[in-house]
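The primary structure of each chain is shown beneath.
Protein chains: 4
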Amino acid sequence: MSKGLTEDTANEIVRFRDERNWKQFHTPKDLALSLCLEAAELLEVFQWSGTDLRCEEKKDRIKEELADVVHYCVLIADVCDIDLDSASREKLQRNREKYPVDKAYGVSKKYSEL
Amino acid sequence: MSKGLTEDTANEIVRFRDERNWKQFHTPKDLALSLCLEAAELLEVFQWSGTDLRCEEKKDRIKEELADVVHYCVLIADVCDIDLDSASREKLQRNREKYPVDKAYGVSKKYSEL
Amino acid sequence: MSKGLTEDTANEIVRFRDERNWKQFHTPKDLALSLCLEAAELLEVFQWSGTDLRCEEKKDRIKEELADVVHYCVLIADVCDIDLDSASREKLQRNREKYPVDKAYGVSKKYSEL
Amino acid sequence: MSKGLTEDTANEIVRFRDERNWKQFHTPKDLALSLCLEAAELLEVFQWSGTDLRCEEKKDRIKEELADVVHYCVLIADVCDIDLDSASREKLQRNREKYPVDKAYGVSKKYSEL
Chain A
1 MSKGLTEDTA
11 NEIVRFRDER
21 NWKQFHTPKD
31 LALSLCLEAA
41 ELLEVFQWSG
51 TDLRCEEKKD
61 RIKEELADVV
71 HYCVLIADVC
81 DIDLDSASRE
91 KLQRNREKYP
101 VDKAYGVSKK
111 YSEL
Chain B
115 MSKGLTEDTA
125 NEIVRFRDER
135 NWKQFHTPKD
145 LALSLCLEAA
155 ELLEVFQWSG
165 TDLRCEEKKD
175 RIKEELADVV
185 HYCVLIADVC
195 DIDLDSASRE
205 KLQRNREKYP
215 VDKAYGVSKK
225 YSEL
Chain C
229 MSKGLTEDTA
239 NEIVRFRDER
249 NWKQFHTPKD
259 LALSLCLEAA
269 ELLEVFQWSG
279 TDLRCEEKKD
289 RIKEELADVV
299 HYCVLIADVC
309 DIDLDSASRE
319 KLQRNREKYP
329 VDKAYGVSKK
339 YSEL
Chain D
343 MSKGLTEDTA
353 NEIVRFRDER
363 NWKQFHTPKD
373 LALSLCLEAA
383 ELLEVFQWSG
393 TDLRCEEKKD
403 RIKEELADVV
413 HYCVLIADVC
423 DIDLDSASRE
433 KLQRNREKYP
443 VDKAYGVSKK
453 YSEL
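Residue numbers (this note's numbering), protein chains in the order written: chain A, 1 to 114; chain B, 115 to 228; chain C, 229 to 342; chain D, 343 to 456.
So that you can see chain A by itself, here it is in the shape it has in the complex (with noise of 0.2 angstroms):
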């Protein structure tokens, strides 16, 4: 199972736009807003359900929703020219600080709190 994202289907994503001349509607500013609307229909799935809702029950919907989070955020780095897999990759190690693993270790407190 792929865990990345190719850079075809990211390719995709930005070719979907271009041929719908969406890119003079994106500005930042708005592709963020979308990227919190799209989080927020994901959430949407688990509103009323016990912390223990495993995904099997509402897979296709998180599938679904998951994917349109996924695709602002490819959005998002195209208008910004931001390499999205070394953003990652400098975030993880700044949470590697933040975050030590002997103090941070079966504890689900923020850092500031740590």
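In case anyone wonders, no lab produced these hints; they're calculated from the structure. Do not rely on the hints blindly, as some may be mistaken.
[Said to hold, decoys possible] Keeping only pairs whose Cα atoms sit at most 30 angstroms apart, straight-line, the calculated DSBU-like set for lysine-lysine is: (1) C:K326 to A:K58; (2) A:K59 to A:K109; (3) B:K117 to A:K23; (4) D:K433 to A:K110; (5) C:K319 to D:K400; (6) D:K433 to C:K337; (7) B:K212 to C:K337; (8) A:K3 to B:K173; (9) A:K91 to A:K103; (10) A:K91 to D:K451; (11) C:K287 to D:K400; (12) C:K287 to D:K440; (13) A:K98 to B:K117; (14) A:K23 to B:K217; (15) C:K326 to B:K224; (16) A:K91 to B:K205; (17) A:K58 to B:K137.
[To be verified] To be clear about the criterion: a stretch of chain D counts as covered by chain C if any three or more of its residues have a C-beta under 8 angstroms from a C-beta of chain C, and this derived list gives those stretches: (18) 343-353; (19) 356-370; (20) 395-402; (21) 413-424; (22) 430-444.
All residues carry an ideal CB built from backbone N, CA and C; glycine is no exception.
Following the hints, put chains B, C and D in place on chain A, whose structure we already have.
Showing chains B, C and D alone in chain A's frame:
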């Protein structure tokens, strides 16, 4: 510039979680909630800014917050056994049907209003 | 205990804005965006907590974040000339029709699935 | 025009819940999550719109979504035993300290940057 997310980086994200023994906290509901919070932090970059804000002015913050969103996308995909790349391609296909080029070209309406 | 919001307090919220000459920034879009950010801050209180978290443990933060949400509700109502009380009563009426007691009693489904 | 929310209306909102026996679902966490979803629905009204969108064009939708947000504010205040009016007044007081008129006049910065 890479637009996608390599398998390597996605695997690093999962390993970051496992080294800290955090999977126990990662119910799909709480991951979706966390994704929503990170999307809001990205949106905050644009609070009170004109729509004409260009990315350059805030690129470091955008990069960091976007990476946080991607981070949770990978974690949700992992706990829900979702193949992020296939999910994205399937959704693109559905979007192509909802937004046919001839109807959607240069129009920023929802498919239900096209 | 007061459940509502007095005219006096609502007027104070508007005055707070006017004393700082902030109305110029308050486009409906940015106010809605800000409301969303405040709602996310309230939600953050519950990140990684069980659904059984009682309010007592986090009451001060909940109180403060909830007040921020109410603050923006009043400001949006003000710039959009919306009577918050009438709007609420009208929506309640619509909700009574969408969720008739006999169908909705003890059921946490969306009206579209009742 | 009323800017506040009467006790009567707030009580109606609570009664709407009780007539449907819904309090059993209303954990603070799920209410906060629901508030966030409603705030996102309000924000959706402004997706792809210029910042210069005036309320008139979308007033009915804004009114309805805003009422949904207020609805959940009242329900959270109820289950958490929060006096919405006092909470708002206390937060205003804190905001007056964080944003003194002489520093904040005509400036849209966060207090931490003033």
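Going down the list of hints, with the structure as the test:
| no. | hint | verdict |
| --- | --- | --- |
| 1 | C:K326 to A:K58 | holds, 24 angstroms |
| 2 | A:K59 to A:K109 | holds, 28 angstroms |
| 3 | B:K117 to A:K23 | holds, 16 angstroms |
| 4 | D:K433 to A:K110 | holds, 24 angstroms |
| 5 | C:K319 to D:K400 | holds, 16 angstroms |
| 6 | D:K433 to C:K337 | violated, 35 angstroms |
| 7 | B:K212 to C:K337 | holds, 27 angstroms |
| 8 | A:K3 to B:K173 | holds, 26 angstroms |
| 9 | A:K91 to A:K103 | holds, 19 angstroms |
| 10 | A:K91 to D:K451 | holds, 26 angstroms |
| 11 | C:K287 to D:K400 | violated, 36 angstroms |
| 12 | C:K287 to D:K440 | holds, 21 angstroms |
| 13 | A:K98 to B:K117 | holds, 26 angstroms |
| 14 | A:K23 to B:K217 | holds, 16 angstroms |
| 15 | C:K326 to B:K224 | holds, 24 angstroms |
| 16 | A:K91 to B:K205 | holds, 27 angstroms |
| 17 | A:K58 to B:K137 | holds, 20 angstroms |
| 18 | 343-353 | holds (count 11) |
| 19 | 356-370 | holds (count 10) |
| 20 | 395-402 | holds (count 4) |
| 21 | 413-424 | holds (count 10) |
| 22 | 430-444 | holds (count 10) |
In summary, the structure is inconsistent with hints 6 and 11 from the numbered list given earlier, while agreeing with the others.
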